[in-house]
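> All chains, full assembly: derive it from the sequences and hints.
The UniProt record's numbering puts the first residue of the sequence shown at 1, with every later residue one more than the last.
Source of the hints: derived by calculation from the structure; they are not laboratory data. Hints may contain errors.
To be verified - Here are the simulated lysine-lysine pairs, DSSO-like style, with alpha carbons at most 30 Å apart: (1) K3 x K43; (2) K4 x K20; (3) K20 x K8; (4) K49 x K20; (5) K20 x K43; (6) K37 x K49.
Claimed, not checked - Simulated restraints on C-beta separations: (7) E52 x G27: 27 to 35 Å; (8) Y39 x Y63: 14 to 22 Å; (9) T40 x Y63: 15 to 23 Å; (10) K4 x W38: 14 to 22 Å.
Keep in mind that this is a model prediction, so the values were computed, not measured. Here a beta-carbon is modelled for each residue, glycine too, at the ideal position from N, C-alpha and C.
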Amino acid sequence: MGKKVRVKCNEDDTIGDLKKLVAAQTGTRADKIRIQKWYTIYKDHITLKDYEIHDGMGLELYYN
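Listed below in structure tokens is the structure:
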């Protein structure tokens, strides 16, 4: 099981914004992070609201 990372975002933030927040906490580059849920890989330019990502929701983070 992996490490849990918690970040505070707004619903109008993009997946790219989320990656930058995660990168700041993990010490990795944002462009190396892939965020997905099951088999859906989230695109950087789409907002959290559009993907229906809500507070407390678990997502999968991968390092490319």
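> Now, for every hint given, state plainly whether the structure supports it.
Structure-based check of each hint:
no.: 1; hint: K3 x K43; result: holds (22 Å)
no.: 2; hint: K4 x K20; result: holds (16 Å)
no.: 3; hint: K20 x K8; result: holds (12 Å)
no.: 4; hint: K49 x K20; result: holds (17 Å)
no.: 5; hint: K20 x K43; result: holds (14 Å)
no.: 6; hint: K37 x K49; result: holds (15 Å)
no.: 7; hint: E52 x G27: 27 to 35 Å; result: holds (29 Å)
no.: 8; hint: Y39 x Y63: 14 to 22 Å; result: holds (18 Å)
no.: 9; hint: T40 x Y63: 15 to 23 Å; result: holds (18 Å)
no.: 10; hint: K4 x W38: 14 to 22 Å; result: holds (18 Å)
The structure shown violates none of the earlier numbered hints.
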